[in-house]
Amino acid sequence: MPSTPVSDAALIARAVVSDDRHAFGELVRRHQSAVRATLRKLTGGNVALADDLAQETFLLAYRNLKSFRQEARFSTWLYRIAYNAFLADARKTKEVPLPEDMDADDFESPPQENVQAGERASTLSIDLERAMAVLSGAERAAIVQCYHNDLTHEEAALVLGCPVGTVKTHILRAKDKLRARLGAWGHGNEA
Amino acid sequence: MNRQPQSEQDGDWLEQALRTDGRAYRSTYVADDGFSSRVLQVLPRAVTAPAWRKPVLALLWTGAAIAALLAVPSLFDDVFRGAVAMFVGHRLGIGDIAGLLIALGAATWGTLIYALRTD
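Respectively, the protein sequence lines represent chains U and S.
Residue 111 in numbering that gives the first Met the number 0 sits at position 112 of the first sequence; the count goes up by one each step and never skips.
Residue 108 in numbering that gives the first Met the number 0 sits at position 109 of the second sequence; the count goes up by one each step and never skips.
It is possible that some hints are incorrect.
[As the list claims (entries may be wrong)] Just the calculated beta-carbon pair ranges, DEER-fashion:
#	chain 1	residue 1	chain 2	residue 2	range
1	S	42	U	171	52 to 58 Å
2	S	79	U	21	50 to 56 Å
3	U	65	S	83	22 to 28 Å
4	S	65	U	72	54 to 60 Å
Calculated directly from the structure, the hints in this document are not laboratory data.
Bear in mind the structure is a predicted one, so any value in this text is a computation, not a measurement.
Even glycine gets a Cβ: it sits at the ideal position worked out from N, Cα and C.
Same shape as in the complex, but just chain U (with noise of 0.2 Å):
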């Protein structure tokens, strides 16, 4: 008989209690791919210091564990800590922004429509990795958090710390921006 997955809540409570390391490491193994992968996007994919940052980010998420009072997702406090983490680095260290002759024009035409679905959407998800190097940091946060997290708008204002009208702002802008920069995908979409 299959055993029932221990629940977070649970694996929180006994990392709390009684120190449970193991539970902790069992958190550590359910969550670290979410945590890596946002850190990576937040990145623009240097996995290296994505990587220490997410290790930063369970470390504090250990020593804090006893204020997690269950009022969101522990996915969604941890997304919280590792864009504070994220945050914090970006202060020490100068974002590197885009080259201001990298324009629309560098990216890829869309393929003609008789170019297969897959390769178009599969191009199209290579552009728009590229393009959204051209986003601020909040932006591409927003993005982040809405999009390849698929959390809400509000749980998207508690990871960032911000009002839900600012990430609504923020996906706004980031949009304005990913058009510009994909221009040539939404002209070969309205043909």
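Dock chain S against the given chain U, drawing on the hints supplied.
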């Protein structure tokens, strides 16, 4: 001027692209590759105070208080006996003080034994 945001004007291709990218992102699992083990290795060791810390501290404070009383008898006489006299109505004699010290010692040791008991 009724300016609609650009994002609402020209179709959903970007919205769809972001959602598709998000789905693909969520379906991708970042392999652990020893990450969890590394995290567990850097976790700080739990700092738990030994069980005997509190009773020993209580004993030390009691000892220090008694030592202070014995070291400054005139101050003790002036302050402590005067303060007690305010409540009791008369100054304490040496017998009263001895009884008080014995009661204090008994309470301290009783607390210590209770704290160190094995269940």
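Checklist entry - Against the structure shown, which of the earlier numbered hints fail to hold, in ascending order? => result 1, 3
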